[in-house]
Structures are given as C-alpha cells and as structure tokens.
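Top line first, the protein sequences correspond to chains A and B. Just so you know, my numbering puts 287 at position 287 of the first sequence, and the rest follows in order with no gaps. Just so you know, my numbering puts 218 at position 218 of the second sequence, and the rest follows in order with no gaps.
Note that these hints are calculated values from the structure, not bench results. Given the structure is predicted, the values throughout are model-derived calculations rather than measurements. Hints should not be assumed to be uniformly reliable.
Unchecked claim - To give an idea of the chain A side of the interface with chain B (calculated C-beta under 7 Å), a few residues:
id, residue
1, F88
2, V99
3, F102
4, A103
5, G106
6, L107
7, I109
8, L110
9, R112
10, F117
11, N192
12, Y232
13, S267
14, V271
15, Y277
16, F282
As the list claims (entries may be wrong) - Footprint (simulated), chain A over chain B, 3 or more residues, beta carbon under 8 Å:
id, stretch
17, 69–80
18, 129–136
19, 159–167
20, 247–259
Cβ coordinates follow ideal geometry from the N, Cα and C atoms, glycine included.
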Amino acid sequence: MTAATIIQSLASGLLMGLLYGLLAVGLALIFGLMDVTNFAHGEFLMLAMYLTFFLFMFWAVDPLLSIPLVAAGMFVFGAVIYLVIIRFAMRAKANIGMVQIFATFGLAILMRGLAQFFFTPDYRSIPASMLGGKTISIFGVFLPVPQLVGALISIAAFGALYFFMKKTDFGRALEATREDAGAVALVGIDKNKVFALGWGLGSALIGLAGGVMAIFFYIYPDVGASFALIAYVTVALGGFGSVFGAFAGGIIVGLVEATTAMILPPSLKSVGIYAVYLLVVFVRPRGLFGSI
Amino acid sequence: MDSFTQRRRRDLILAAALAAIAACVPFFVKDVYVQNIMVLTLMYAALSQAWNILGGYCGQISLGHALYFGLGAYTTALLFTKFGVLPWFGMLGGGIISALIALALGYPTFRLRGHYFVIATIVIAEIGFLLFHNWDYAGAALGIDIPVRGDSWAKFQFTRSKLPFYYFALVFCCVAWFITWWLEDSKWGFWWRAVKDNPDAAESLGVVVFNSKMGAAAVSAFLTAIGGAFYAQFVSYIDPESVMTFQFSLLMALPAVLGGIGTLWGPVLGAVILIPMTELTRSFIGGSGRGVDLILYGAVIVVISLARPDGLIGLFSRRPASKGVPQ
Numbered sequence: 001m002t003a004a005t006i007i008q009s010l011a012s013g014l015l016m017g018l019l020y021g022l023l024a025v026g027l028a029l030i031f032g033l034m035d036v037t038n039f040a041h042g043e044f045l046m047l048a049m050y051l052t053f054f055l056f057m058f059w060a061v062d063p064l065l066s067i068p069l070v071a072a073g074m075f076v077f078g079a080v081i082y083l084v085i086i087r088f089a090m091r092a093k094a095n096i097g098m099v100q101i102f103a104t105f106g107l108a109i110l111m112r113g114l115a116q117f118f119f120t121p122d123y124r125s126i127p128a129s130m131l132g133g134k135t136i137s138i139f140g141v142f143l144p145v146p147q148l149v150g151a152l153i154s155i156a157a158f159g160a161l162y163f164f165m166k167k168t169d170f171g172r173a174l175e176a177t178r179e180d181a182g183a184v185a186l187v188g189i190d191k192n193k194v195f196a197l198g199w200g201l202g203s204a205l206i207g208l209a210g211g212v213m214a215i216f217f218y219i220y221p222d223v224g225a226s227f228a229l230i231a232y233v234t235v236a237l238g239g240f241g242s243v244f245g246a247f248a249g250g251i252i253v254g255l256v257e258a259t260t261a262m263i264l265p266p267s268l269k270s271v272g273i274y275a276v277y278l279l280v281v282f283v284r285p286r287g288l289f290g291s292i
Numbered sequence: 001m002d003s004f005t006q007r008r009r010r011d012l013i014l015a016a017a018l019a020a021i022a023a024c025v026p027f028f029v030k031d032v033y034v035q036n037i038m039v040l041t042l043m044y045a046a047l048s049q050a051w052n053i054l055g056g057y058c059g060q061i062s063l064g065h066a067l068y069f070g071l072g073a074y075t076t077a078l079l080f081t082k083f084g085v086l087p088w089f090g091m092l093g094g095g096i097i098s099a100l101i102a103l104a105l106g107y108p109t110f111r112l113r114g115h116y117f118v119i120a121t122i123v124i125a126e127i128g129f130l131l132f133h134n135w136d137y138a139g140a141a142l143g144i145d146i147p148v149r150g151d152s153w154a155k156f157q158f159t160r161s162k163l164p165f166y167y168f169a170l171v172f173c174c175v176a177w178f179i180t181w182w183l184e185d186s187k188w189g190f191w192w193r194a195v196k197d198n199p200d201a202a203e204s205l206g207v208v209v210f211n212s213k214m215g216a217a218a219v220s221a222f223l224t225a226i227g228g229a230f231y232a233q234f235v236s237y238i239d240p241e242s243v244m245t246f247q248f249s250l251l252m253a254l255p256a257v258l259g260g261i262g263t264l265w266g267p268v269l270g271a272v273i274l275i276p277m278t279e280l281t282r283s284f285i286g287g288s289g290r291g292v293d294l295i296l297y298g299a300v301i302v303v304i305s306l307a308r309p310d311g312l313i314g315l316f317s318r319r320p321a322s323k324g325v326p327q
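Looking at chain A on its own, in the form it has when it is part of the complex (with noise of 0.2 Å):
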C-alpha cells in the first residue's frame, strides 16, 4: 500500500464523513430539540432518495436540481409525521422512552411495506445525470464528484444551520425550546409549532443528504437500514444533542471506515466505526461533545 493509495482512501473517506454528518444532523437537531431519537430515519432517507427518482423518471429533473425540491417535500413530510404520529407519542404518561422508539420503529416498518407496495421491492438507479460517475483530479487525487458535491452542500448546510439557529428568531425559538419547553410557553412560543418545525428541518436536511445519495447509490425499499446505523453511530459519537457534533462524528466515522476498509476485508469495515464508537463511549459516556 503506496502512500498515494492511503491519500486517496482517506480523501474518499472524508467526502464520505461529510455526508454522513449529513445525513445524521437532522437526527441530532431532534433528538436535541425534544429528546426523541427517530429510528424511521433511515426510511426518510429511503423516501428522500425515491422523491429524487421519481421527479427523475417523470420530469427528467436531474437530481442536482431536484435536491432543493426533495428537500422541501421532506420538509412537509417531516412535519406532518410530528403532527399525526410523534406529538401522540410524547403524550404517553407512562414509558415515554419506549413508546417513542417502537411507535417510530413501527412507522419505519409501515413506511418500508408502503415503498414495496407503490414502488416495489426492484432495485432502482439513476441511469445519467450531470454529476453521476464522474470524477475530477485535484492535486493527483481522484475524487467522484457526487461525493464532492455531497460534501459541498454537507459544509454548506451545516454553516446555513449554524447562522439559522443563532441569528433567526425562530432558531432562537428552537433553542429556546430545547433548553426549557415549559418556559418558552409563558413567552408565547407555541411548542407545538417549533416541534413541527424542527422535525420538518431535521427532515429537510435528510431530504439534502437523501438526493446527493440518490446519485450514486441504489435505491429500494430496505435501502434506510444500512445508513440509519451509521446515522446514529454517528450523532452518539458527536454527542446527542450537540448539532455540530454530528459534523465532527460524521468526518470521524467516514476516516474510520476508510482507513478499515484498508486493514480488515471489505465487509467488515463498519467493525471499525462501531468499535470507535465503543471506545469513544467508553471513555466519554456523551459522546464527544455531548451536553445531555
């Protein structure tokens, strides 16, 4: 192994922890926000990746283009979920913890039989698009531009968050909320409408991830489950709660999975983002930046 090869892995393994960090951030800004981890997660990735084929396949939209149109359809879809399912959950008296986990798991399931039901359980791709398959050179090392793309709008995305939630008035709201729900009622802050909100962005940015990923993966019904794993793993990993954790966990796990991937046999890759985890925990039972 040249020198050269270890570069490469490593520059495909940060475009990568990018877009896991992506793909994590709207399970952290949740999980901060209300204490509920989403575990159908992965199934909104799922969606967000069919939303990118379709508007593909019918409207020859390019999936460059349709990421903000995806993004705005998780959006609603997000707040929509808050209102008929998730905002039931959080009014359970008795094992709330629990109640939250298996009512999003069950609407995982739910949401996995309606994508084999409407777009059955084929395998779909993206035949031709502006980015897919091509890649540049930067430097002498190769980079597939979807992945470079992804990272953009990753950083992007995370520096729009960040001006979001500390210069707006509804990011303010949002922060607010998180600290102390029962307070920001006597201000006049509707929890109910934050909450929605909140779950429509965290939606959204899954929306972002969910059409880069459309890109260069395949999509079908049970493709959620592999990713959600690495999305909670990765917003642990930050710290729940901590936004900006899930960036620093994303680049993290995408370093750890390619160097792995160097060592041990292909499929045993995710062995290592897993015991990175473990060891993270281990030493710092909230992950790296966790305030919870």
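Keeping the supplied structure of chain A fixed, place chain B upon it in accordance with the hints.
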C-alpha cells in the same frame, strides 16, 4: 402487603391453568402449520420474558439480544456438527457462554445511560453479526446445516412431528415465566425496579446499581441463548442472517413492549397477539411480495404504542401496569 401476596398466588394459579390448557391444545389442533405458529409463539413469549428481565424490570433497554440468541444457536450447532456433542450440552454451554459474555460486555456498557446504552447494544450485536458472517469455521455467510440423525430426544431432533418441539417450547416458556415470577419478589426484583425508576436514588439507598444490572443481564442472556439453541434444533439450519440480525433483537423486545413492559404477563400477552398476526399476515398476504404484511404490522405497532403506552396488559387491570411496586 397482603394484596401483593394474593396477587402473586393468583398469578401462579393462572399460569398453571394456562400451561395445562396449552398442554392440551395439540390434541385438538392437528394442523402442522398452526402447530408451527404455536411453537414460535411460545418461543417468543419466553424470549421476550427473558428480554423483559433486563429491559423491563431493570430498565436497561437492550436492542442487541440477537447476539445472545445467535451465540446459543451457534454454540449448539457447532458443538454438534464438529464434535458430536449432544444439543442439550450445547444448549447449556451456549447459555453459560452468553451469560459470561453479557457480564464482560456489561462491565463497560452499564456505565452508559439512555440512548448511548441502546446504541452500544445495537453496535455490539452488529459486530457479532459481522464476525460470524466472516468466520469460515462457522460456515461464514452460508451458516450451518444441522444434519438429521434420526428422531430422538437425546439428539433433540424430530422430523416427523412438531409436538416434541411444542412441549419443549411450552416448558421453556413456563420456566422463563416462573423465573421472572420468582425474581419479582426477591431482593433482585426490588433492586431492579429501584434501578429502573431512579438509579441515583437507588444508589444512595444502598442498592448496588452496577451489580443489579449485571445480574439481570446474566439471567436474561442465559435464557435468550437457550431460546437460540432451541431455534437451531427446531429449524435445523442457521446462518447469521437468520439468528443474529437487528430485526431479531427488535422481535424479542416487541412482545414485551406491546404487552406491557416490566410486567409478568406483558411478554406472554404480546407474543400471543403479535406472533400469530405476523405469521398469518406473512403467509396469507405477504406472499404477494408487495409488503402488505409489513404495512399492517407497522400500523399495528404504531397504533398500539400510541393508544396503550403502558401495554395491552393495561386493558386487564385497573391499576396502571407499569407501577409494579407492591402496595
């Protein structure tokens, strides 16, 4: 205190009556397909009862119990196919190995709380899955085909009838139930509920929180591995996909959650409703490959967890089921 003792006695009588009825059912139900569902129902009731000891009573939500199930199945199958060791010893060995591994894993993981703990259990089971998937000696992805050596109790193999498996599953279910019943009133039971409700307060009152969790984990893992060993004999073919996946961990937790987490009857009730429903929807409408079974299954889980957060057992008692603390 009296009403608690009375309730416990009533539970024991009810369990004996239900077991007697269950023992008679095969005399009236001869259909092999239905018998198969009954075996699976009893097996999941026992597995969920085992999960409930750690997840329900002690409050440590594990979504990685497939690891122990798989270890039980693999220990039995490997010892039998490679060394000719009878499945009964394999079953016991698998149980002990699982309990020891649960203790070894519990040592670092029980320091974690909430979602960090849940994700750690998922990740550890997933590492186990990947290792078995790549372990050539254990058949890697192809798994292990357990050769048929003729029907006998010694080899715990029965090709002509499901009934021996049915009765073993019934005994297994009763044993798991009885252990839970017995532990519920022991000092462990009280410690576990204290740890679940408020670990910090429990610690300050002298409950050794860490050891309580370790005890619950060992018992739970041991029983789960027994279930895995049974399953290996029942289907006579195992691979990592069929015994160690995340889906399986969820399937073990689900009956307890839907029936009533941290209750004696919750896992039984949950399994009796959930497993036949899963199997029937799978064979009658699942065959279309269009996912209608998943749609129904998912919808039922969502509806039950929203409508009855303390589990279906709440329908049968006036007091909230989650308050298992004796009066």
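Hint check:
1. Interface hint at F88 (chain A): satisfied, since its Cβ lies 5 Å from the closest Cβ of chain B, which is below the 7 Å cut-off.
2. At a threshold of 7 Å, the smallest CB-CB gap from V99 (chain A) to chain B is about 5 Å, leaving the interface hint in force.
3. A hinted interface residue such as F102 (chain A) counts as satisfied when its beta carbon comes closer than 7 Å to some beta carbon of chain B; here the least separation is about 4 Å, so the hint holds.
4. The beta carbon of A103 (chain A) is positioned within 7 Å of a beta carbon in chain B (closest approach about 5 Å), and the interface hint is therefore held.
5. Satisfaction of the interface hint for G106 (chain A) is found here, the shortest Cβ-Cβ separation to chain B being roughly 3 Å, below the 7 Å cut-off.
6. Here the hint on L107 (chain A) is kept, as its CB sits about 6 Å from the closest CB of chain B, short of 7 Å.
7. For I109 (chain A), the suggested interface contact is upheld, since its CB lies about 3 Å from the closest CB of chain B, less than 7 Å.
8. Given the 7 Å rule on beta carbons, the hint for L110 (chain A) holds: about 3 Å separates it from the nearest Cβ of chain B.
9. The interface hint given for R112 (chain A) is met, as the beta carbon of that residue sits about 6 Å from the closest beta carbon of chain B, less than 7 Å.
10. A distance limit of 7 Å between C-beta atoms decides the matter here; for F117 (chain A) the minimum to chain B is near 5 Å, and the interface restraint holds.
11. Because the closest C-beta pair between N192 (chain A) and chain B is about 16 Å apart, greater than 7 Å, the hint is violated.
12. A least Cβ separation of about 5 Å between Y232 (chain A) and chain B falls short of the 7 Å threshold, and the interface hint therefore holds.
13. Look at S267 (chain A): its Cβ gets to within about 6 Å of chain B, closer than 7 Å, so that hint holds up.
14. Taking 7 Å as the C-beta contact cut-off toward chain B, the hint placing V271 (chain A) at the interface holds, the least distance being around 5 Å.
15. For Y277 (chain A), the suggested interface contact is upheld, since its CB lies about 6 Å from the closest CB of chain B, less than 7 Å.
16. Residue-level restraint check for F282 (chain A) holds (minimum Cβ-Cβ distance to chain B is 5 Å; threshold 7 Å).
17. Proximity of the stretch 69–80 of chain B to chain A, defined as three or more residues with a beta carbon under 8 Å from a beta carbon of that chain, is not established by the 0 residues found.
18. Under a criterion of three residues with beta carbons nearer than 8 Å to beta carbons of chain A, the stated coverage of the stretch 129–136 of chain B is upheld, 4 such residues being counted.
19. Restraint check on the stretch 159–167 of chain B versus chain A: 0 residues with Cβ-Cβ distances below 8 Å, three needed, restraint violated.
20. For the stretch 247–259 of chain B, the proposed coverage by chain A is satisfied: 4 residues have a C-beta within less than 8 Å of a C-beta in that chain, meeting the threshold of three.
Hint check: violations occur at hints 11, 17 and 19; the rest are consistent with the structure.
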